[in-house]
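Engineer: Residue-level listing of the chains:
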Amino acid sequence: MQRVFISNTAVQESGDIKIDGFFDIANLPIEKEQKDGNTIFVIDVHCTFNQLKLQEQGGVIIYRHLLNQFKDCQDKLKVVFYSPISKEHLAALRPENYVLTLLPFVQCEYDGNFAKALQEEIDKNAFVQFNNASENLLSGWSLNQKQYVETYFLSDEESEKPKNEQTPVARSIAVIDDQLNEWTTTFKNIFEPKTKFRFLLYNNSKGTKGNFDKTKIENLTDPKTAYTLTDQIKDIDLVLSDFYLEEPHESNNWMSSEELSTKSGFQLFETIKGKKGERGISKGIPYVMHTSSNKIQYLKFLDSNGVDNWLIKDTRPDTPIQQKRENYFAFKKEIEKYTSLESSELYVSLRKIWKQIELLESPSVPVSWWDSNTKKPSIINLLKNSWMALRAYVNKEEYFATNIGSNDKNFTPTAINSNLGKILEMDFKFGNTFDSNYFFHFLTQVRNASSHYIDYNFFGVADSLIYFESWLHALGNTNRHQNTPNKIFKTSNFTKEFMIQDNGGGTDETFIYRLLYVYLQYYNSVYSKETHLTKIRIKKRVGELLKLTDKKILLDEILNHNMPTDKSGRVKDGAVHLSEAIAKDLKNDPSLYFDLIEEKDKLFIINE
Amino acid sequence: MKKIIFIDTQNEKSNSFHLDRQDFYSKLNKEYKIPVVENIATTNKADIVFVHQSFYSDSNLMISSSERNPIVKDAIFVFYGNNSQEKIEITTDEVSYFNFYVLEQNFKAFINELTSNDLQDNSWNALLGFDHVLEELLKAFVETSPYETNNKQGKILKEAKAELLTYVEDYLKKQSKP
Numbered sequence: 001m002q003r004v005f006i007s008n009t010a011v012q013e014s015g016d017i018k019i020d021g022f023f024d025i026a027n028l029p030i031e032k033e034q035k036d037g038n039t040i041f042v043i044d045v046h047c048t049f050n051q052l053k054l055q056e057q058g059g060v061i062i063y064r065h066l067l068n069q070f071k072d073c074q075d076k077l078k079v080v081f082y083s084p085i086s087k088e089h090l091a092a093l094r095p096e097n098y099v100l101t102l103l104p105f106v107q108c109e110y111d112g113n114f115a116k117a118l119q120e121e122i123d124k125n126a127f128v129q130f131n132n133a134s135e136n137l138l139s140g141w142s143l144n145q146k147q148y149v150e151t152y153f154l155s156d157e158e159s160e161k162p163k164n165e166q167t168p169v170a171r172s173i174a175v176i177d178d179q180l181n182e183w184t185t186t187f188k189n190i191f192e193p194k195t196k197f198r199f200l201l202y203n204n205s206k207g208t209k210g211n212f213d214k215t216k217i218e219n220l221t222d223p224k225t226a227y228t229l230t231d232q233i234k235d236i237d238l239v240l241s242d243f244y245l246e247e248p249h250e251s252n253n254w255m256s257s258e259e260l261s262t263k264s265g266f267q268l269f270e271t272i273k274g275k276k277g278e279r280g281i282s283k284g285i286p287y288v289m290h291t292s293s294n295k296i297q298y299l300k301f302l303d304s305n306g307v308d309n310w311l312i313k314d315t316r317p318d319t320p321i322q323q324k325r326e327n328y329f330a331f332k333k334e335i336e337k338y339t340s341l342e343s344s345e346l347y348v349s350l351r352k353i354w355k356q357i358e359l360l361e362s363p364s365v366p367v368s369w370w371d372s373n374t375k376k377p378s379i380i381n382l383l384k385n386s387w388m389a390l391r392a393y394v395n396k397e398e399y400f401a402t403n404i405g406s407n408d409k410n411f412t413p414t415a416i417n418s419n420l421g422k423i424l425e426m427d428f429k430f431g432n433t434f435d436s437n438y439f440f441h442f443l444t445q446v447r448n449a450s451s452h453y454i455d456y457n458f459f460g461v462a463d464s465l466i467y468f469e470s471w472l473h474a475l476g477n478t479n480r481h482q483n484t485p486n487k488i489f490k491t492s493n494f495t496k497e498f499m500i501q502d503n504g505g506g507t508d509e510t511f512i513y514r515l516l517y518v519y520l521q522y523y524n525s526v527y528s529k530e531t532h533l534t535k536i537r538i539k540k541r542v543g544e545l546l547k548l549t550d551k552k553i554l555l556d557e558i559l560n561h562n563m564p565t566d567k568s569g570r571v572k573d574g575a576v577h578l579s580e581a582i583a584k585d586l587k588n589d590p591s592l593y594f595d596l597i598e599e600k601d602k603l604f605i606i607n608e
Numbered sequence: 609m610k611k612i613i614f615i616d617t618q619n620e621k622s623n624s625f626h627l628d629r630q631d632f633y634s635k636l637n638k639e640y641k642i643p644v645v646e647n648i649a650t651t652n653k654a655d656i657v658f659v660h661q662s663f664y665s666d667s668n669l670m671i672s673s674s675e676r677n678p679i680v681k682d683a684i685f686v687f688y689g690n691n692s693q694e695k696i697e698i699t700t701d702e703v704s705y706f707n708f709y710v711l712e713q714n715f716k717a718f719i720n721e722l723t724s725n726d727l728q729d730n731s732w733n734a735l736l737g738f739d740h741v742l743e744e745l746l747k748a749f750v751e752t753s754p755y756e757t758n759n760k761q762g763k764i765l766k767e768a769k770a771e772l773l774t775y776v777e778d779y780l781k782k783q784s785k786p
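Here the protein sequences come in this chain order: A and B.
Residues in the first sequence are numbered from 1 upward in steps of one, following the numbering used here.
Residues in the second sequence are numbered from 609 upward in steps of one, following the numbering used here.
Simulated from the structure, these hints should not be mistaken for laboratory data.
There could be a bad hint or two in this list.
[Claimed, not checked] Cross-link-like lysine-lysine pairs, in silico, PhoX-like; alpha carbons within 20 Å at most:
| id | chain 1 | residue 1 | chain 2 | residue 2 |
| --- | --- | --- | --- | --- |
| 1 | A | Lys275 | A | Lys384 |
| 2 | B | Lys611 | A | Lys116 |
| 3 | B | Lys641 | A | Lys53 |
[To be verified] Partial pick of chain A residues on the chain B-facing surface, computed with a CB cut under 7 Å:
| id | residue |
| --- | --- |
| 4 | Gln55 |
| 5 | His89 |
| 6 | Ala92 |
| 7 | Cys108 |
| 8 | Gly112 |
| 9 | Lys116 |
| 10 | Ala117 |
Quick caveat: nothing in here was measured; it's all calculated off a predicted structure.
Note that beta-carbon positions come from the ideal geometry of N, C-alpha and C, so glycine has one too.
Isolated chain A (complex conformation) (with noise of 0.2 Å):
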C-alpha cells in the first residue's frame, strides 16, 4: 500500500501532496493511478491554504474534494486522519466534520508511536464509503443537533398508555441504489436506531449494462436469502430510490418525457407501482425519488405518474453550512411523512385500501351480494374514483387553499364521502327487512351529512377514512346468493333500534352536529362490534368533533328535538331520545366541562 501524506509540510521523502498558501483545492493532484485502491491518503485534519485558520479542519475539505475526484470509484478511496485533538473532540467544534468520528483516525501522542498506530488503523480496514452528496446529508443532520429522522409513530392510542407501555409502530423503508455502500453508513447514522431497512443494492454489474432489469437488485441487509422484488417490496412502507440505477448520473442534456421514461429509475418505479395494465407490486405504497437531478420538469413528469416525492443529493463538494443544514431538514421532514408523523397513518390506510379494492376487483373472489355484471364495475370505479380523490388531497396544495381562502381540508373529504355514498343509489334488491338495517343506516346518514352544506364543514380526512373502510367492510363481506343481503345487511335479532338523524325526521329540520349524533348512535350499536379499527378512528373522531362544538346548540339539539314520527303521529319503533342514547345526564349548562365516558363499550356525552 502506498501511502500519500496531505500536509502543510513533507512528512515522507517523496510522494507527498504538500499543501501550499496557494494551493488549488478545485485540482487536486492525483494521478490515475493512485486510484486503484492501493494508495492510502493521510490527511492532517488541520491543513490550511487559501487563508483557511487552523481550526477550519481543512483536512476535510480537502476530503469532500477527494471525494469528488473519486466519484465513479468510492470504494478505491482510502483515507486515514490524524491531529492532536481526538475525533470526537472535533466533531464537537465543527459539528458539520462528524465524518471524522466515522473514518480511520490517529490522534498524535508525539511519542514515536504514530507509525504504528497509523498502520494498526490500516489493517482495521475500516474505509467506510461515502460519496459527496452521503456525506453532505449525515453533515446535515450533525449540524442539525443530530435529530435523527423518526420512523417509528406512536398513534393517538399509545401516546395516553404510560411509557412503559407505549407500543410503537415501525415503519419499514425500502432503501435502491446502485451506489448503495456509499449511503448505508450514512442512514444508520442519521436515521433513529431501530429503524427497519432494508437496503436494496441495484447490481447494474449483472447482465446486460445499461438494461434495467428487477432481477439485478440484491438484498444487502439479508444477502444469504433469495428473494424476488416483490417479496421484498410488499410489506414495505416507503421505497426510497435513485432514478439513474444504469445510467450515468446527471448531465447536462435535457430528456424529453419519452427519454425519462426509458429511464431505470423510472422503469424501476413503474415495476413497483405498476402501470396501465400491469398491477405492479404495490400501488400505494409511497414513493420518493432521491436524486442528484434537480430539474424540476423531471419531477413534474414522475409527479404526475404518481411518484409522492423527489429529495435532491446535494453532491457538491463545497456546500455551504446553511445548505447542508436545510437540505438534511428537508429530508428529514419529507420521510418523517410517511414514517412518523400523523400523515403516515394515511399513507398506511391509502395502502390497505387500494390493497382490498384490489382483492374486490380480482376475478378470485367469490360473487358476493354486490356483485353482477353490471354493478361490479361501477362499483370498482366509485371505489378507485374516491381513492383517488382520498391521495390527491393527502398531497394538496395545503398553502394555496390558504391562499384563496378555500375550506379544501373540509370540502374533499366530503366530496369522497358524498361520491362514495353513490353505491346507495345502485338498485340492490334486499328484501323488507334491509330498510330497517342499522349499518345501512350508518352508510346513508354518514353520506346525507356528507350533502348538506349546514353539516359539511365539520368533515375531515379522518370521515373519509372512516366511511371507506365501512364500505370496504360491507362490499369485502361476500355471499354467494346474489340480491340478497349478507349477514352486514341482515336485519339481526336483537332490540330494534332506530338511528336518528333528523330533527324530527323531517328533512328540512337537520341537525348541525349530525355527524357527531350518527357515530355516536353506531358506535353504541350492537353493530360496530365487527369493524374495531373503525371504532377506535370513530371514538376518535368523536372527542375531535365534541371540542368543535357551540355547547349551546349541542345541548339544544340533543335535549330538545323531536322524536321522529311515523304517518300516524306515532314514535317510531325503536327510537330512543338522544339524551338517553348518546348521552348520560346532561346538564342543560353551556358552561360546565364537556366530555365523553366509556360505559360497556359505549360512549356518552357528559357534562359536569
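Add chain B to chain A, keeping to what the hints say.
Structural biologist: Frame of chain A; chain B shown alone:
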C-alpha cells in the same frame, strides 16, 4: 474588517425606514459606517448580512438562497425582527437558512456585544465561531510531522498538545452551557 450590510423595507410614501428603527440605523451609519439598504442588488459584496423580517413579505426580494444572489454568496446571514422565531417559521421555512436569529428587542444588546471592540475582526470572529486562542494553540502543529518522536521537538509538541486539549475541553464545556 468585515463588510456588513443591513436590509430593511422602506415605507413607500415617506421613503424611510420604520420609525422605531430609524435612530438605530442612523447610529450604525454614523458611527460604524454600516449601510442600511432596501435593495440587495445595489449592495457590494458583504460578509455579514442582517435581514429584517419585513423584508420577507416581498417574495421578489427573497435572498435566502445564496445561490440566487452571487453578491452575498458567502455571507453570514442574521435574521432579525420582532416576532418570535417560531412565529416566523410558520409563515416561511426560509428562516432556517439563517445562521443567527435575533429578536428586535434583544438586538441592541446583541449589536453592542458585537461592536464592543469597534467591530474589529475578533468580535466578528466570535460570531462566526472562530476562536483566537484555539488558533494560536494549533499553530504549534503546523508544518510538523506526526512522526515526531520523544526527542526535544516531540517533547515541545507533547506539552503544546496537553495545553491544547485542556483548552478544547474547557471551550466545549463553555459552549454546551445553555
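Engineer: Would the stated hint for Ala117 of chain A survive a check requiring a Cβ distance to chain B of less than 7 Å?
Structural biologist: violated (9 Å)
Engineer: Is the hinted pair Lys611 of chain B and Lys116 of chain A satisfied, with a Cα-Cα distance of at most 20 Å?
Structural biologist: violated (48 Å)
Engineer: Quick one, are Lys641 of chain B and Lys53 of chain A close enough, alpha carbons at most 20 Å?
Structural biologist: Violated: Lys641 of chain B and Lys53 of chain A sit about 27 Å apart, past 20 Å.
Engineer: So, Gly112 of chain A near chain B? Judge it on the closest CB pair being under 7 Å.
Structural biologist: holds (4 Å)
Engineer: Can the hint on Lys116 of chain A be confirmed by a CB-to-CB distance to chain B that is less than 7 Å?
Structural biologist: violated (11 Å)
Engineer: Going by Cβ atoms only, is Gln55 of chain A closer than 7 Å to chain B?
Structural biologist: Nearest chain B Cβ about 5 Å off; hint holds.
Engineer: Checking one constraint from the list: CA of Lys275 of chain A to CA of Lys384 of chain A, max 20 Å. Satisfied?
Structural biologist: holds (15 Å)
Engineer: May I ask you to test the interface hint for Cys108 of chain A with respect to chain B, counting a Cβ-Cβ separation under 7 Å as satisfied?
Structural biologist: Cβ of Cys108 of chain A sits 5 Å from chain B, so the hint holds.
Engineer: Next item in the hint list is Ala92 of chain A. Is there a CB on chain B closer than 7 Å to its CB?
Structural biologist: Ala92 of chain A check passes; min Cβ-Cβ to chain B is 5 Å, inside 7 Å.
Engineer: Against chain B, is His89 of chain A within 7 Å by beta-carbon distance?
Structural biologist: This hint holds: His89 of chain A lies near chain B, its Cβ roughly 5 Å from the closest one there, short of 7 Å.
Hint compliance for this structure: hints 2, 3, 9, 10 are not met, and every other hint is.
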